[in-house]
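Engineer: Letter by letter, the chains look like this.
2 protein chains.
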Amino acid sequence: MAAGTKDRIMDTTAQLFQRYGYTGTGLKQIVAAANAPFGSIYHHFPNGKVQLGEEVIRRSGEMYRDLFEAIYDASPDVVSATSNFFLGAAETLRQTDYADACPIETVALEVASTNEPLRKATADVFDSWIAAGTERLSEAGIPEAEARRLTIVFLSALEGAFVLCRASKTTEALEVAGTHMAETVRAALP
Amino acid sequence: MAAGTKDRIMDTTAQLFQRYGYTGTGLKQIVAAANAPFGSIYHHFPNGKVQLGEEVIRRSGEMYRDLFEAIYDASPDVVSATSNFFLGAAETLRQTDYADACPIETVALEVASTNEPLRKATADVFDSWIAAGTERLSEAGIPEAEARRLTIVFLSALEGAFVLCRASKTTEALEVAGTHMAETVRAALP
Numbered sequence: 001m002a003a004g005t006k007d008r009i010m011d012t013t014a015q016l017f018q019r020y021g022y023t024g025t026g027l028k029q030i031v032a033a034a035n036a037p038f039g040s041i042y043h044h045f046p047n048g049k050v051q052l053g054e055e056v057i058r059r060s061g062e063m064y065r066d067l068f069e070a071i072y073d074a075s076p077d078v079v080s081a082t083s084n085f086f087l088g089a090a091e092t093l094r095q096t097d098y099a100d101a102c103p104i105e106t107v108a109l110e111v112a113s114t115n116e117p118l119r120k121a122t123a124d125v126f127d128s129w130i131a132a133g134t135e136r137l138s139e140a141g142i143p144e145a146e147a148r149r150l151t152i153v154f155l156s157a158l159e160g161a162f163v164l165c166r167a168s169k170t171t172e173a174l175e176v177a178g179t180h181m182a183e184t185v186r187a188a189l190p
Numbered sequence: 001m002a003a004g005t006k007d008r009i010m011d012t013t014a015q016l017f018q019r020y021g022y023t024g025t026g027l028k029q030i031v032a033a034a035n036a037p038f039g040s041i042y043h044h045f046p047n048g049k050v051q052l053g054e055e056v057i058r059r060s061g062e063m064y065r066d067l068f069e070a071i072y073d074a075s076p077d078v079v080s081a082t083s084n085f086f087l088g089a090a091e092t093l094r095q096t097d098y099a100d101a102c103p104i105e106t107v108a109l110e111v112a113s114t115n116e117p118l119r120k121a122t123a124d125v126f127d128s129w130i131a132a133g134t135e136r137l138s139e140a141g142i143p144e145a146e147a148r149r150l151t152i153v154f155l156s157a158l159e160g161a162f163v164l165c166r167a168s169k170t171t172e173a174l175e176v177a178g179t180h181m182a183e184t185v186r187a188a189l190p
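Protein sequence lines correspond, in order, to chains G and D.
Position 50, counted from 1, in the first sequence is what the working numbering calls 50; the numbers after and before it change by one each time, with no gaps.
Position 75, counted from 1, in the second sequence is what the working numbering calls 75; the numbers after and before it change by one each time, with no gaps.
So here's chain G without its partners, still in its complex pose (with noise of 0.2 Å):
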């Protein structure tokens, strides 16, 4: 099996997954998409679609927070780099026709109550993302409780407006809650 494939099939799975979702995507969609043989999906991920679905899930979830620290670390404050994360992920859903929002949301919804491994994946996935949030607004001086109560916001938000986007075909959503929440952090500043 050459090097990569299995690289290969998590980011075409990931994909389709943001577009599809769980149910949508079919194993020989993503050998094909992903040009590998259908032998290896079970040569990886020896229980199926599950264990697949379970890694995906896991490794977008690290790909997506990195993406939230580099933002974070690239911005001069938390106030902006709140500001930054909602405007820039309006700007990569115009870029993917409305395709690529949160790349776990779909499949959570999905799976949240006819699949307990992935939902606990997706769940596992949240609560690093509320954990690398809290951590953020507690450095800027906000106190740890408030901190995780303004990260769910925070994530609640983005979430939400994930939804009304693609929905809708526009930004709107986003920059409205963006503009919010970076006003809502500025506020709870020491």
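Just so you know, the hints here were simulated from the structure itself, not pulled from any lab data.
Just so we're clear, the structure is a prediction, and the values are computed from it rather than from any experiment.
Just so you know, not all the hints are guaranteed correct.
Here are the computed lysine-lysine pairs in the BS3-like style, where the Cα-Cα straight-line distance is at most 25 Å [claimed, not checked]:
id, chain 1, residue 1, chain 2, residue 2
1, G, K28, D, K169
2, G, K49, G, K120
3, D, K28, G, K169
4, D, K28, D, K6
5, G, K28, G, K49
6, D, K49, G, K28
7, G, K169, D, K49
8, G, K120, G, K169
9, G, K28, G, K6
10, G, K120, G, K6
11, D, K120, D, K49
12, G, K120, D, K169
13, G, K49, D, K169
14, G, K49, D, K28
15, D, K28, D, K49
16, D, K120, D, K6
17, D, K120, D, K169
Chain G is already provided as a structure; the job is to place chain D on it using the hints.
Structural biologist: Same frame as chain G, now just chain D:
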């Protein structure tokens, strides 16, 4: 065909969409759960699943807007109404083992990049909710443009909190987002 079959099919479909999504809900599953003959689907929905899906999305949108209006009618002011809406949603989630959240959210994400008539139906529903919220906040004295922005933040926070709550099987995000939104509405009142 017995009177009421169409309603029963639509009620059942709405519930299955919340648990399994659009792609994960099959027509055979719908007629079995609705105790309806298979032919009744095509009798009432000649264009099949897409037509049924669109009618269910639009009717769910009206029912959820009616719930929103009822909660605002029953609350003494828009601040407590906002809080009550989030707390009611949290209670419903707990009572349904974290299955019944927004009636169209999972479907909205699934169809956004794959089915234009259904995407449009979800966009129309979100627009109607934004109009209803904007009207309530305007009536409370908030200037209309600001009322619209607040409603978009409200709806974003609600939809995103549903994702976090269903994934984590806790109601923390709805409670935190509800408190934040009630405070935000209070601060915007004249």
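Engineer: So, against the hints stated earlier in the document, which numbers end up violated here?
Structural biologist: 1, 3, 8 and 17
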